[in-house]
Amino acid sequence: MSQFFTTSVLIAVVASGVRLATPYLLAALGETVGQKSGVLNLGVDGVMQLSAVFAYWAILETGNFWLATGLGLLSGVVMGVIYAVITVVFHATQGISGIGIFLFGLGFSDLFFRRQVGTPLPAPKLPKVEIPLLSDLPFVGEALFSHNLLTYAAFVFVPLTVFLLGKTTFGMNIRAVGENPGAADSLGVSVARTRFLAILIGNAMAGLAGTALVLELGIFQANLTQGLGFIAVALVYFGAWRPVGVMAGALLYGLVAATVLQLKTQGTIPRGLSDIAAMAPAVLTIVALIVLARRVQAPAALAKPFIRH
Amino acid sequence: MSQFFTTSVLIAVVASGVRLATPYLLAALGETVGQKSGVLNLGVDGVMQLSAVFAYWAILETGNFWLATGLGLLSGVVMGVIYAVITVVFHATQGISGIGIFLFGLGFSDLFFRRQVGTPLPAPKLPKVEIPLLSDLPFVGEALFSHNLLTYAAFVFVPLTVFLLGKTTFGMNIRAVGENPGAADSLGVSVARTRFLAILIGNAMAGLAGTALVLELGIFQANLTQGLGFIAVALVYFGAWRPVGVMAGALLYGLVAATVLQLKTQGTIPRGLSDIAAMAPAVLTIVALIVLARRVQAPAALAKPFIRH
Amino acid sequence: GSSSEGSDANTTEGGSDTTAAGSDTTTAPDTASGPLTMAIVAPSASNDLAFTQSMIESIDALGRDIDLAVTDGTFVVEEAAAAIRAYAEEGREVIIVHGTQFGGSLAEIAPEFPETTFIWGTATETQGLDNVFAYYPQADQGGYVEGVLAAAISASGNIGVVGPVEAGDAVAYINGFDKGATDNGATVSIVYTGSFSDVALAAETAQALIANGADVLTGSAQMVVGAVGVAVENSVPWFGTQANQSSLSAEFVVASQVYHWEVVLEEMLALRDAGTLGGEAFAINLENGGLVVEMNPDYPGAADLQATLDETIAGIIDGSIDTGA
Amino acid sequence: MHDITPNTPSSDATGNGMPSPEVPSPEVPSPEVPLLELRGITKRFPGVIANQDVSFDVRSGEVHTLLGENGAGKSTLMKIVFGLYKQDEGEVLLRGQPISISCPADAIAAKIGMVHQHFMLVPTLTVAENVALGLGSNRGILTDLELVSARINEISERHGLSVDPAVEVWRLSVGERQRVEIIKALYRDATLLVLDEPTAVLTPQEVDDLFAILRNMTAEGRGLIFISHKLNEVMALSDRITVLRNGRVTGNTVPSQTSREALAEMMVGRAVKLVPDRPPVERGEPRLRIRNLSVKGDRGTMAVDDVTIDVHGGEILGVAGVSGNGQRELAEAVAGLRTPRPNSHISIDGVDVERENTKRRRRRGLAYVPEERMKDGAIGEFSVSENLMLVNHGSDEFCRSGLLDFGAIKEHCTELVRRYAVKTPSIDTPTSSLSGGNIQKVIMARELTAGPSVLVCSQPTRGVDIGSAEYIHSQLIAQRTLGTATLLISEDLDEVLGLSDRIAVMFDGKIVAIVDSADATRDGIGLLMAGVVVEPSAG
Ligand SMILES: Nc1ncnc2c1ncn2[C@@H]1O[C@H](COP(=O)(O)OP(=O)(O)OP(=O)(O)O)[C@@H](O)[C@H]1O
Ligand SMILES: Nc1ncnc2c1ncn2[C@@H]1O[C@H](COP(=O)(O)OP(=O)(O)OP(=O)(O)O)[C@@H](O)[C@H]1O
Ligand SMILES: [Mg+2]
Ligand SMILES: [Mg+2]
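Residue numbers (the numbering used here), protein chains in the order written: chain A, 39 to 347; chain B, 39 to 347; chain C, 331 to 655; chain D, 8 to 546.
Fair warning: there could be bad hints in the mix.
[Unchecked claim] DSS-like, lysine-lysine: derived pairs with alpha carbons at most 27 Å apart:
#	chain 1	residue 1	chain 2	residue 2
1	A	Lys-342	A	Lys-205
2	D	Lys-430	D	Lys-237
3	D	Lys-280	B	Lys-342
4	B	Lys-205	D	Lys-417
5	D	Lys-417	D	Lys-280
6	B	Lys-342	D	Lys-303
7	B	Lys-205	D	Lys-303
8	D	Lys-237	D	Lys-382
[Unchecked claim] Away from chain B, derived, C-beta distances all over 12 Å, residues of chain A:
#	residue
9	Ser-46
10	Leu-48
11	Ile-134
12	Gly-136
13	Phe-276
These are calculated hints, taken from the structure and not from any lab test.
It should be emphasised that the depicted structure is a prediction, and the values quoted were computed from it without experimental measurement.
From the three backbone atoms N, C-alpha and C, an ideal C-beta is built for every residue, glycine too.
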């Protein structure tokens, strides 16, 4: 056990935790914005997979990270438009529509991959950018300030989301349509428009999350996300719809995963138990949901279509 | 194309459609009961996978179909108890709790399979039982009355569910707590007890669905269901919460799948397009949801936890 | 079964190449006149750099006149079954059923087409069907060889393994690798991630292994592509299995254990030519040349390792080395 | 959409230069031209004509009341004015000019405000944020909440609408929320304000405060449309009264030329008894005994604090009190829906029931009419007959080993619908499509049919029209004659005074006085409700 506490191992675990947390954080922040507006999107995982495959394809074809990131983001936005049309315009049930999006993303990303790429080829990975000065700090420098740009972006989005939701007019509208769309409507706030935009933001973030995942790994394969998007949705509940809480959840999740891996590597967790340790995420999610279930109220109109007669 | 219309091919397609529809029908009927009581269970797919692996294991170990079916059913009930505790006792959010169950079922069934069985060994398949007299009828005899017992059971459950929901006191309680748990509570109907039982019934049916799937195929592999459980949930919406509508949806789905398979086999659908044909389910689901979205009202309290103060 | 045996008295319409039931329409006597008609039904893509690709390449390597039909990506058992049956009905002489999970369907279909040879794997037995051949790899052998090589190039003596779930084929390779490396004085850390497909987890596992001092890595199953990327990033040599992974990195992939199924396919086809349609299981191993440890010629130290490689292989073949299987 | 910057009230309607084409030209209207005029409005819903050829107008500086039974079409008409519905026929004129209002934003731009029957507030937002919703901003993507707060304070001061702009709405009392609704309209400088049943949930004191505010507003030249079922309020506040029945205008009058009785007759189409007859009944043994009952409320405070009362057979015990003083918790505790603190005792006909669940208590003869009929009393999606059956569908009469006997059920329900005069197309009609009063009759029919020994009845006529209220009252009196012990909880003081044999006044969770109704006066009870302890005049 003592080996766990060597400085270099600790740094590696923290760095790994931050890296693992990145796609969760991006996706969960986006889902927070969507849910605040009253829209549950269970399709996050599918959107991430689509963005991942498009970003992967772009980086293989062009080697240009900006282009890859742009295409990943764009795929998210396009899926957002589709989801918004389904749920906001046609008022379809959100829970199962999201699952439809998930199944579509899962299937179509695989299809696109097979047809356009075929073999998993190594792609360039998003390079690490050391932040001047900060990255020279002992311990934290390597653990926190030596990551790729999308990781930094994810953490910068935390205060940005706080600001968007708490301080801007648009954020106020989002919260209003998520709590009482009828009231917002009666004051001339367009529920459809506000939710539409919130969905686009949420899906764009999911797109970035998929992009971050694939550009960190430098490879794509079918079902790359392994349910990551669903965990991200759970983290929104875990974080009680507050961006900082969501960040705490994502980091906790990443650090736990990194620690478990580290303990497995050291042999502290015996090999016989390693499979069971892999179930931890799903179990942790459910436990967190149970514990937190009654503490905070979800947006009152979450997952309810708004139809003005 | 003309080849498609030979009698023998038509019979084969109908028989195959009925066979394919069986697990959808079982799972969707169970979900109908659950949703009628106000509980959305997105974990159906996971429950099916767990039941499938346990039924598979039982049949490999004992060769006894009754035991395998019993174990599959029991797994469903056990998962039902877990889900009911999470959602009814702890009032956790249903959408994401269901996804937790799904992820757990997906992961644990694979794990159990790899540890207890390892390689996919062929297991005995549930034998066909020809119904005396009826199976001798021309055309329909072979298409409809030469199936295994679980297929017959699925179709027998349709009138049984109609009867349960419409004609019994328990069914009336189920509908009451699904529409207005507050009122039901004030009239002395225990919301928790009614929903708990409805969840158990729903999950038991999902267990049977997984069992039917695996005993029809005679083999298990990771993610055996391929999202079948999610489609089953969508079929509940499609069928507008009426068992007969749900059955129509399941049959439609099975027949379309069987026809596509037949056309692929004949080469009418070129192999190159078969991947795209595989996307049909997700797309069909979403289209159905959009078209049907506003036609029928879901149970008013669907997916809302009931907390008495 | 959706076939309609007994109903073949019904019309077979227009110039269709398929009759309603295939049991009496064998084309076996025609073999001499044209190419051997073969088909393969496989669960993953034919260019997956792994399981399916190895078989397709093996068929191509068969040096026979073959008319091959491919149905790949049939992960759904029911769909695979339909394809197998369709090929049988079409009169294909040899059908490769590439996936253990299709065994159940095979057991149902094979007896209906007694003139057709089915080749099924990976499986160690034929389910008692006399028109079925089975095949499987003795992956522990190549694992052992790679373990020896890994120990030879490791400076720290610390070697990491990224494993999936501790079960099935992967375990044979990893245990062989473990024994090969340990027999030669190295320490091996094996981490089973718990998933066959979680690329991100595999990548982080590689990171963790490296952080703990591993300077040579290997791994098995399809999720290792993530780990290879990390190895390359950290300039750590990598050993591959199931397919030649040097396409993932010309510089850091030292060697790959590759399956050459053609060796056993050759034997099976010869038996068929001689009138035996099945009933036997074949293993590929170092001795029969079905397992080959392919050195990556571009790996800087490749030449230095050749002697150790040859020696170890010889030892395994003559039985002087125990791979632990 | 408005700019957030304050603009002087009333005068220049389009002064901020925002393009609002629907607003008529700013020329000063002559007092003869009504502020708003509706001409020949017809609105149809599937199977219902909600408004038929309705003409109606409001002038500046007046309160014009709309009166009518449940479902008469009042809310529908007002929703047309506010752009929530579109009329099928007829036109809307603002200051003499035709105007098309197709959404609430149009109405707001035309300086029309609406206080909806059900509050339109976002509970998790602050008062200032609620007010600022939908306004433009001169601070780019940010809303200048300081400016909004300052202006709210200004408006509060001028109109006596005290409320803290920084507090979240969920923390406010019902009366305060009502004020926020009015501030929202004033902030947008509404010259016409629609108030749809604004008093239904207010206490008498709050109603008085509200009326003072409303009079202040008319004095400024604003026009008000007022909707209420409470005739004394209508008489007190209105300048003019228009009565709707079945979607048509059936009469126009002014308070000085009419009386409550006459208004009631205009609404219902027959004479209505506003105060029920109470024949003398022999008071029996105590059937409901409550001893030292304490119950926690939703926020964890002691909502019911050591209450002890007996209700005798043949007696109606009225519980008067300002909303939120523990009446709801008291009723729910007796019904078995809320767990009391230890050492609390409740007995029905001598049997202790405090540990029994609702079902058991009902078997012992408890009947319960909850305060929120659509939330706790009936299942909207169920048919009338299903709602009638819900209590005793498990009884031997209608059910054999878990199976329902539909023949017996149909017969029973048809009889109940006839006996309780429920206006419904059939017993299979979904309950939600009935008017509030008829839904209440279904609930009463269900609860009273078994012949209860104890009846707990909360707010039996809230939001229910005069005709239905009269019928419900007569049924409560009939139960009294049959020897039922009735615990009547109502915030309508007239109802409590008119029906009760004894009146218990509840304040801050305690029963502060029990008064014989013969000795009770409106003012005396009102003082007790406000927490002023005075010796009851007799015992
Ligand atoms: N959205 C709607 N769809 C269909 N019918 C409606 C709708 N809204 C109202 N109605 C019908 O229109 C009629 C008038 O309803 P309205 O709400 O205007 O009554 P009201 O006078 O406000 O009644 P109350 O006193 O209960 O508030 C009723 O018969 C009602 O059933
Ligand atoms: N969508 C609808 N379809 C049919 N009837 C409706 C619909 N919406 C409202 N109604 C009916 O219209 C009438 C008035 O409805 P509204 O919402 O104005 O008040 P209410 O439900 O009567 O509430 P309250 O009793 O507090 O006045 C009621 O009879 C109600 O049942
Ligand atoms: Mg109304
Ligand atoms: Mg009303």
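Between the alpha carbons of Lys-205/B and Lys-417/D, is the straight-line distance 27 Å or under?
With a Cα-Cα distance of about 14 Å, the restraint between Lys-205/B and Lys-417/D holds, given a limit of 27 Å.
Against the 27 Å threshold, does the CA-CA distance of Lys-342/B and Lys-303/D hold or violate the hint?
Roughly 24 Å separates the two Cα atoms, so the pair holds.
With the threshold set at 27 Å, check whether the alpha-carbon distance from Lys-280/D to Lys-342/B stays at or below it.
violated (43 Å)
For the pair we were handed, Lys-342/A and Lys-205/A, check the Cα-Cα distance against 27 Å.
holds (25 Å)
12 Å Cβ clearance of Gly-136/A from chain B
violated (8 Å)
CA of Lys-417/D to CA of Lys-280/D, is that 27 Å or under?
violated (33 Å)
Can you confirm whether the C-alpha distance between Lys-237/D and Lys-382/D stays at or below 27 Å?
Status holds; Cα separation ~23 Å.
Compute the least Cβ-Cβ separation between Phe-276/A and chain B, then decide whether it is above 12 Å.
violated (10 Å)
Is Leu-48/A truly not at the interface, in the sense that its beta carbon sits beyond 12 Å from all beta carbons of chain B?
Holds: least Cβ distance 29 Å, greater than 12 Å.
Are the Cα atoms of Lys-430/D and Lys-237/D separated by 27 Å or less?
Judged against 27 Å, a Cα distance of about 22 Å means the pair holds.
Does Lys-303/D sit within 27 Å of Lys-205/B, going by the straight-line distance between their CA atoms?
This hinted pair is violated, its Cα atoms lying about 39 Å apart.
Against chain B, does Ser-46/A hold up as non-interface, every C-beta pair farther apart than 12 Å?
It holds; Ser-46/A is separated from chain B by about 32 Å at its closest Cβ, greater than 12 Å.
Checked against the numbered hints listed earlier, the structure breaks hints 3, 5, 7, 11, 12, 13; every other hint is satisfied.
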